[in-house]
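Q: Protein sequence lines correspond, in order, to chains A and B. According to the working numbering, the first sequence is numbered sequentially starting from 56. According to the working numbering, the second sequence is numbered sequentially starting from 2.
The hints are simulated quantities; they were obtained by calculation from the structure and are not laboratory data. Note that the Cβ used here is the ideal one computed from N, Cα and C, for glycine as well. Check each hint, because a few of them may be wrong.
Said to hold, decoys possible - List of simulated lysine to any residue pairs, SDA-like, C-alpha gap at most 25 Å:
hint, chain 1, residue 1, chain 2, residue 2
1, B, Lys73, B, Ser59
2, B, Lys107, A, Gln98
3, B, Lys107, B, Leu25
4, B, Lys73, A, Asp163
5, B, Lys107, B, Pro43
6, B, Lys107, A, Tyr164
7, B, Lys73, A, Ser155
8, B, Lys107, A, Gly99
9, B, Lys73, A, Glu101
10, B, Lys107, B, Thr42
11, B, Lys73, B, Gly104
12, B, Lys73, B, Gly44
13, B, Lys107, B, Thr55
14, B, Lys107, A, Glu143
15, B, Lys73, A, Trp154
16, B, Lys73, A, Ser102
17, B, Lys107, A, Gly97
18, B, Lys73, A, Gly157
Stated by the list, open to error - Sample of chain A residues with no beta-carbon within 10 Å of chain B, all distances over it, derived:
hint, residue
19, Pro69
20, Ser129
21, Ser139
22, Arg141
23, Ala142
24, Glu143
25, Ser174
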Amino acid sequence: EVQLVESGGALIQPGGSLRLSCAASGFTVSSHYMAWVRQAPGQGLESVSVIHSDGSTYYADSLTDRFTISRDNSKNTVYLQMNSLRAEDTAVYFCARIWSYGGNRNFDYWGQGTLVTVSS
Amino acid sequence: QTVVTQEPSFSVSPGGTVTLTCGLSSGSVSTSYYPSWYQQTPGQAPRTLIYSTTTRFSGVPDRFSGSLLGNKAALTIAGAQADDESDYYCVLYMGGGIWVFGGGTKLTVL
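With the sequences and hints as input, model every part of the structure.
A: Dropping the structure here:
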């Protein structure tokens, strides 16, 4: 069974740093694209970052300099390092697997999310 | 910058049929964008409904179907039920590892 479990969300002051984790089970993260998607309070979903199976990475505009996605194959875990956090980064952060086999390009499994609140 | 457009809100009567659409601020949606649809209720994670335009994800009832309608992708819900009341998001793949979400449609069943 595919499962994604996020952790690391917290209340953090503006300018602070936080690392989110996404522990996967039931599949191997290094064989798939993996994504972080966020949702600000009362707002829609926004793609934050993707790490490809080949290790290359993508970031939403304006986040490239502050966020870093990575993975630890030995722990089957994906991370999102967030630096210089701002109030507008306040959101629930979801981890999702992207299904790219058989000519597909879609999110399929999602974690339950972890809440990041940036406030003084 | 490409914007993926969706109706902000829609309503349907119980038992009725509703079609939600997903377009582009510039251009037409085609299968090359691998349109996918997700359902989300408040406080919950998104649930995958449809991918690659028309394919239902595992466990999704056949009341949900995907298609292309004109220059947009579409999600049709037939026989609407109370628990279909949710937010629905479409996502388009832009290539180069970039996925863009639409703003979502809030569906009311009443």
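Q: Evaluate each hint against the coordinates.
A: Right, here's what the structure says about each hint:
1. Lys73/B x Ser59/B: holds, 24 Å
2. Lys107/B x Gln98/A: holds, 11 Å
3. Lys107/B x Leu25/B: Distance ~19 Å between Lys107/B and Leu25/B Cα, so the pair holds.
4. Lys73/B x Asp163/A: This hinted pair holds, its Cα atoms lying about 22 Å apart.
5. Lys107/B x Pro43/B: holds, 11 Å
6. Lys107/B x Tyr164/A: The given pair, whose Cα atoms are some 22 Å apart, holds under the 25 Å limit.
7. Lys73/B x Ser155/A: holds, 22 Å
8. Lys107/B x Gly99/A: The hint holds at about 10 Å.
9. Lys73/B x Glu101/A: The given pair, whose Cα atoms are some 20 Å apart, holds under the 25 Å limit.
10. Lys107/B x Thr42/B: Status holds; Cα separation ~10 Å.
11. Lys73/B x Gly104/B: holds, 15 Å
12. Lys73/B x Gly44/B: violated, 29 Å
13. Lys107/B x Thr55/B: holds, 21 Å
14. Lys107/B x Glu143/A: Holds, at roughly 23 Å.
15. Lys73/B x Trp154/A: It holds: about 22 Å lies between the C-alpha atoms, which stays within 25 Å.
16. Lys73/B x Ser102/A: Since the Cα atoms of Lys73/B and Ser102/A sit roughly 21 Å apart, the hinted pair holds (cutoff 25 Å).
17. Lys107/B x Gly97/A: holds, 12 Å
18. Lys73/B x Gly157/A: holds, 23 Å
19. Pro69: holds, 26 Å
20. Ser129: holds, 24 Å
21. Ser139: holds, 23 Å
22. Arg141: With a cut-off of 10 Å, Arg141/A remains clear of chain B, as the shortest Cβ separation is near 20 Å.
23. Ala142: holds, 21 Å
24. Glu143: holds, 17 Å
25. Ser174: Its Cβ never comes within 10 Å of chain B, the nearest being 20 Å, so this holds.
When held up to the earlier numbered hints, the structure conflicts with hint 12 and nothing else.
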